Amino acid sequence: MEELLQALVQGFLMGSAYGLLALGMGLVYGVSGIVNFSHGDFVSLGMYLCLAIYTALALDPYVSVIFTLPAMTILGALTYRYLIKPIAGRQLLMVIQLTLGVALLLQNGLMMAFGGQPTRVPSMLESKLFIVGDVIMRAPHLVAAGVSFTLAAALYVMLQSTDVGRSIRAVQQEPRAAALMGVDVGRVQVLTFAIGIGILAIAAALLLPGMPIQPNQGLRFTVITLLVFVLGGMTNFVAIMLGGIVIGVAEAIGTIYMTHTTGQLLPYLIFVAIMLFRPQGLVWRS
Amino acid sequence: MRPDFYRTLLSPWPWLVLTVGAVMPLLLPNYYLHILTVTLIYAALASAWNIVGGIAGQISLAHSLFVGAGAMLSSALLVKLGVNMWLGMLAAAAVSAVIGALVSFIDYRFRLGHLSFALITLAFAEMAEIYVIGTDFLGGASGLFLPRDTGDITQFQFGGGRGAYWVMLGMTALCILVNLAILTSPLGYNLRSMRDNENAAQAIGVGLLRNKTLAMTISAVLTSIIGTIYARYLTFADPYLLASPVLTIEIVLFATVGGLGSAIGPALGAFLLAPVGEILRGQLGDKLPGLHYFIYGLVVIGVILASPGGVWSFIKSLGRRRS
Amino acid sequence: MLEARGLTAGYDGVAILRDVNLSVGKGEIVGLLGANNAGKSTLINVFSGIVPAMAGQILLEGEDITHVSAPRRVEMGVVQVPEGRLVFPQMTVRENLLLGGFNATARPNRPRELDHVLSLFPRLGERLGQNAGTLSGGEQQMVAIGRGLMAGARVLMLDEPSLGLSPLFVQFIFEIIDKLHAAGMTILLVEQNLSLTLKHADRCYVLERGVVAVEGDAETVRNDPRTRAAYLGM
Chain A
1 MEELLQALVQ GFLMGSAYGL LALGMGLVYG VSGIVNFSHG DFVSLGMYLC
51 LAIYTALALD PYVSVIFTLP AMTILGALTY RYLIKPIAGR QLLMVIQLTL
101 GVALLLQNGL MMAFGGQPTR VPSMLESKLF IVGDVIMRAP HLVAAGVSFT
151 LAAALYVMLQ STDVGRSIRA VQQEPRAAAL MGVDVGRVQV LTFAIGIGIL
201 AIAAALLLPG MPIQPNQGLR FTVITLLVFV LGGMTNFVAI MLGGIVIGVA
251 EAIGTIYMTH TTGQLLPYLI FVAIMLFRPQ GLVWRS
Chain B
287 MRPDFYRTLL SPWPWLVLTV GAVMPLLLPN YYLHILTVTL IYAALASAWN
337 IVGGIAGQIS LAHSLFVGAG AMLSSALLVK LGVNMWLGML AAAAVSAVIG
387 ALVSFIDYRF RLGHLSFALI TLAFAEMAEI YVIGTDFLGG ASGLFLPRDT
437 GDITQFQFGG GRGAYWVMLG MTALCILVNL AILTSPLGYN LRSMRDNENA
487 AQAIGVGLLR NKTLAMTISA VLTSIIGTIY ARYLTFADPY LLASPVLTIE
537 IVLFATVGGL GSAIGPALGA FLLAPVGEIL RGQLGDKLPG LHYFIYGLVV
587 IGVILASPGG VWSFIKSLGR RRS
Chain C
610 MLEARGLTAG YDGVAILRDV NLSVGKGEIV GLLGANNAGK STLINVFSGI
660 VPAMAGQILL EGEDITHVSA PRRVEMGVVQ VPEGRLVFPQ MTVRENLLLG
710 GFNATARPNR PRELDHVLSL FPRLGERLGQ NAGTLSGGEQ QMVAIGRGLM
760 AGARVLMLDE PSLGLSPLFV QFIFEIIDKL HAAGMTILLV EQNLSLTLKH
810 ADRCYVLERG VVAVEGDAET VRNDPRTRAA YLGM
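Going down the list, the sequences are from chains A, B and C. Going by the working numbering, the first residue of the first sequence is number 1, and it counts up by one from there. Going by the working numbering, the first residue of the second sequence is number 287, and it counts up by one from there. Going by the working numbering, the first residue of the third sequence is number 610, and it counts up by one from there.
Derived from the structure by calculation, the hints contain no laboratory data. Small disclaimer: the values here were computed from a predicted structure and weren't measured. Do not rely on the hints blindly, as some may be mistaken.
[As the list claims (entries may be wrong)] Simulated restraints, written as ranges between beta carbons of each label pair:
{"no.": "1", "chain 1": "B", "residue 1": "Leu-367", "chain 2": "A", "residue 2": "Ala-56", "range": "51 to 59 Å"}
{"no.": "2", "chain 1": "A", "residue 1": "Glu-2", "chain 2": "C", "residue 2": "Arg-716", "range": "55 to 63 Å"}
{"no.": "3", "chain 1": "C", "residue 1": "Leu-772", "chain 2": "A", "residue 2": "Ala-88", "range": "24 to 32 Å"}
[Said to hold, decoys possible] Computed cross-link-like contacts, EDC-like style, restricted to lysine to aspartate or glutamate with a CA-CA straight-line distance of at most 20 Å:
{"no.": "4", "chain 1": "C", "residue 1": "Lys-788", "chain 2": "C", "residue 2": "Glu-769"}
{"no.": "5", "chain 1": "C", "residue 1": "Lys-635", "chain 2": "C", "residue 2": "Asp-811"}
{"no.": "6", "chain 1": "C", "residue 1": "Lys-635", "chain 2": "C", "residue 2": "Glu-684"}
{"no.": "7", "chain 1": "A", "residue 1": "Lys-85", "chain 2": "C", "residue 2": "Asp-621"}
{"no.": "8", "chain 1": "B", "residue 1": "Lys-602", "chain 2": "B", "residue 2": "Asp-290"}
{"no.": "9", "chain 1": "B", "residue 1": "Lys-602", "chain 2": "C", "residue 2": "Asp-621"}
We put the CB at the ideal spot given by N, CA and C, even for glycine.
Bound-form chain A, shown alone (with noise of 0.2 Å):
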């Protein structure tokens, strides 16, 4: 019973950050049509700018993405008016072989300046833990559950009552009329892949400490984006946050409980079992 608790409340706090990685993969899908396979490799490039910046100038990365965040955000901008746009409203599989390559650059870019031994990234909140009742909790994962939730709450009400969040929506729902109220709608496509990536240096730093990692590692972190991003009905943001405690609580009874192979296998089962029976996925409205 002690083990159940423990992997539920553990799945929850890593599936809230499996959340945020989705919500950035969410508006720009929704804004875009676009899925981006080089998701994980910018998170991958989150850590590594951590890492980067510890080495020279000793800085948590918990701090270094006062740095990161404006960086990555910059990169996300460029990435899609030079690489994505070109060849955006072309065949979602050649747009996807796209973000493919970029994603080579980014694990191949990292593996030259950092070589592919695993590394660690130290943080002062590493070894911290925090115990109620039975339940032993990591200080990080704690962190990383408060900060994902606050930035998801926050995306969304600068979504629901902004103008720049309503010209964003307005984009998703109907772009030609977004267009024709004065929209410019390349530009807001701009700025939500840049935002969808920017969310990733502070995802990456909150996936920190504690992870061991490696330049090959991106796919994997795509990977689980996508199934939560798909678990969550691609846009809907209550729905991908609970996609991603979905995919968290499966991750974390698989290990506690079973054998290590089929403990790995349990995210993918759950999430075929629920598309099967809810190809809409976690969406209550249809």
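Start from chain A and add chains B and C according to the hints.
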């Protein structure tokens, strides 16, 4: 529709290319022959994938599963149980066919959207890799070494370099031929109408389940057989190469860049990109780790930006402009 | 106020409009008539800057705006209410209207404009918190026109505002058009409904296969045999 098929077969071009292809091993040094063989493997895989992903428009990411079945299962049967690899190839192809049919049934039964289908098939492929690596009979994480190739055809041995090359040349030609045959048949017509609009296709009497299953099964069987040949060629069945979803991603890359849905496009994409990847690896692989893939990434992006509709349609448009 | 001079335009290098000359004077209602595919929507999309001109000029109060970007044209007051209304379905009526006033020129005046729009369409006042996608066709048309007004339109281009509406709503929409006209708004009205347009417009143009076939006041257009021909596509 059939006349198109025969006209293509009777035109001199395919035969010329095939003849040139067939004499290549007599001219090329081993290293380049190896590159060409690997290129043919990917050309065949991309063509086989095109039946589902291009003609039927269903982004299947499950194909590493079929390659993996063809490679790992036939190798395991041979190494662990001493089963002749020809039989192993057929057994693996049968397993792939069943899995392919199952995937199609699930797709049909649950009416999956494009993205859900892609993700569910990816989940299958991920699970398959985890399963293979966790199963001792299939070689586990360390893979399976095959006995030396002595050139005994009854044992699925083709005598190394040249033999494997000719077998792959034949296999690639077969895959392209199957594509062409499907494109010029009622099946091809049905698949394309399903791709463009599933509901409309159903309304005019196209049986979704039957056509989807047929396309996926043909594709799975071809892919599985190529997997067996690939493992035999490498004399080492490596799950991290042959059962990895990364393999599917490469296949889809070649097919997409070459031109989805056409008979020749996917193979063309492989011929354009696979040698570049191999040569870069050969030249730069031991220099700075990551450099060759980095350059490869630049090439991929460059090619896509230069011909966003696929290389084949780009070439066709050049031809049209000239005439 | 708004003028097309020698305008040729189309899609993918194929000209749909050829050498079109058309002007809308300040405070005028000008009707743009023609059969389907005559090029009416293309023309107002060129005015909106969504479709580029291949040759010729677009002038706003004598100033050449041919190469001005679409968002900038909205700021300058050239606003289109698109065919099929295209409201933002999952945004509330209020949000739809606020988004209309998104451009930099209109943004400071939004509270005032909102009051104005709600006085024209009291019915929208009751539906402010409702998602626009759940409204009836007529109500959606009110949202679309309201949204255009919120954008600070000086020239309002209405593309088939009566399409798919009940006769009662059609009548109501034309009353609104008259009201706006009376208040001095410049209006370019694209319609298929010949008689209603001739009744309300000061002047009309009839497009036939991308060329202006007839132009003049209602009487001239009504009596010109080419009008009928353009409509029957002969």
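How the hints compare with the structure:
1. Leu-367(B) to Ala-56(A): 51 to 59 Å: holds, 57 Å
2. Glu-2(A) to Arg-716(C): 55 to 63 Å: The hinted range 55 to 63 Å holds for Glu-2(A) and Arg-716(C), with Cβ atoms some 57 Å apart.
3. Leu-772(C) to Ala-88(A): 24 to 32 Å: holds, 30 Å
4. Lys-788(C) to Glu-769(C): holds, 18 Å
5. Lys-635(C) to Asp-811(C): holds, 12 Å
6. Lys-635(C) to Glu-684(C): holds, 18 Å
7. Lys-85(A) to Asp-621(C): holds, 19 Å
8. Lys-602(B) to Asp-290(B): holds, 17 Å
9. Lys-602(B) to Asp-621(C): Status holds; Cα separation ~19 Å.
Hint compliance for this structure: every hint is met.
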